[in-house]
Amino acid sequence: MNPESHKDPQGACAFMAFESLTVKELPEGVTLPKEASNMTMVSIKKGSCVMLYPIAPSEGAPERVRAVVTQVVDAGFKVPSMVINFVLRILTPFIYTLVVDLMSKTFSDPNSELSKRIAHRPELYESLRQSIQDLFKSRDEASAHHAS
1 MNPESHKDPQ GACAFMAFES LTVKELPEGV TLPKEASNMT MVSIKKGSCV MLYPIAPSEG
61 APERVRAVVT QVVDAGFKVP SMVINFVLRI LTPFIYTLVV DLMSKTFSDP NSELSKRIAH
121 RPELYESLRQ SIQDLFKSRD EASAHHAS
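1 is the number of the first residue of the sequence shown in our numbering; add one for each residue after it.
These are computed hints drawn from the structure, not numbers from a lab. Just so it is clear, CB atoms sit at the ideal spot from N, CA and C, and this is done for glycine as well. One or more of the hints may lead you astray.
[As the list claims (entries may be wrong)] List time: in silico DSBU-like cross-link candidates among lysine-lysine, alpha-carbon distance up to 30 Å:
hint: 1; residue 1: K24; residue 2: K78
hint: 2; residue 1: K78; residue 2: K34
hint: 3; residue 1: K105; residue 2: K34
hint: 4; residue 1: K24; residue 2: K45
[Stated by the list, open to error] Label pairs and their computed distance ranges (CB to CB):
hint: 5; residue 1: E25; residue 2: L91; range: 26 to 34 Å
hint: 6; residue 1: V79; residue 2: E19; range: 18 to 26 Å
hint: 7; residue 1: V42; residue 2: E113; range: 15 to 23 Å
hint: 8; residue 1: E63; residue 2: V23; range: 32 to 40 Å
hint: 9; residue 1: S115; residue 2: M16; range: 17 to 25 Å
hint: 10; residue 1: S104; residue 2: V42; range: 26 to 34 Å
Between the sequences and the hints, there should be enough to build the whole structure, so can you do that?
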């Protein structure tokens, strides 16, 4: 997907890059759950990111953000092209629908895992919230500047 096709007309975008860490690279105080040792892991590589673009507001609608996720992974083995085609054509749209449904339920449930994580690390989520608010503010300021 070309991120330029989702670009806000004023160019506002929040960008978060991420990649896998080894157990030795984890921040102090962060530990993996004991179940992690039984899981198959993939390596998330540099270039993986989330880009957040404000969506132009509609009359009476809440502010919204478009998220573009780019994932660069190394599964540790060669993946056959028929598997990649299946994932892109069949599985991805199905997963997208599940994620949208899950997110709407998660954000409305005060007892969800997300709510617990936010309560555990409020400074991280407050920083993210502030970044998104700043993104909307810069978009609104740019719109006001263009209108004058």
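Here's how the hints hold up against the structure:
no. : hint                     : verdict
1   : K24 <-> K78              : 27 Å, holds
2   : K78 <-> K34              : 28 Å, holds
3   : K105 <-> K34             : 27 Å, holds
4   : K24 <-> K45              : 17 Å, holds
5   : E25 <-> L91: 26 to 34 Å  : 31 Å, holds
6   : V79 <-> E19: 18 to 26 Å  : 19 Å, holds
7   : V42 <-> E113: 15 to 23 Å : 21 Å, holds
8   : E63 <-> V23: 32 to 40 Å  : 39 Å, holds
9   : S115 <-> M16: 17 to 25 Å : 20 Å, holds
10  : S104 <-> V42: 26 to 34 Å : 27 Å, holds
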